[in-house]
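The numbering used here numbers the first residue of the sequence shown as 1 and each following residue consecutively.
Calculated from the structure, these hints are not laboratory results. Positions of the beta carbon are idealized from the N, C-alpha and C atoms, including for glycine. What you were told as hints is all true, and nothing was included just to trick you.
Now the in silico label distances, taken between C-beta atoms and shown as ranges:
1) Leu-98 with Gly-47: 38 to 46 Å
2) Leu-26 with Val-79: 15 to 23 Å
3) Ala-75 with Phe-97: 21 to 29 Å
4) Ala-75 with Gln-11: 16 to 24 Å
5) Lys-95 with Leu-22: 17 to 25 Å
6) Val-24 with Ala-113: 25 to 33 Å
7) Leu-108 with Gln-11: 19 to 27 Å
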Amino acid sequence: LIGSATASLAQGYMLGVYVLGLDVGLGGMAFGALVALCLSAAYAAMGSAWLIYKTEGDLQVKAVRWLRVTLVLTALGMVAVSLATPFASPRIFDKWFLWPQMLYLSPLPILSAL
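Let the sequences and hints guide you as you build the complete structure.
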């Protein structure tokens, strides 16, 4: 448990810091911590979904509750990274929000929410 939690938290922290251009200031550390928690929640959501598929009874009912909570945190992480990425990198901002790329990329946030 401790090893898995440490690995997922470290992956999330590094992803958050990387998205902000390796910013190690207070803002970068706070964003890294947010992404760390959300990525860990995403891994927990996958585990909960697996338990729902493979078990029945009380454990399955608990896994449904866990999945609902972890999916909210996972969505928060996806939104945070998606909002921060174009503002952390002018190059990505140009790729995402200039015409005609914006036309082609605009359905992606909606599809990933599904």
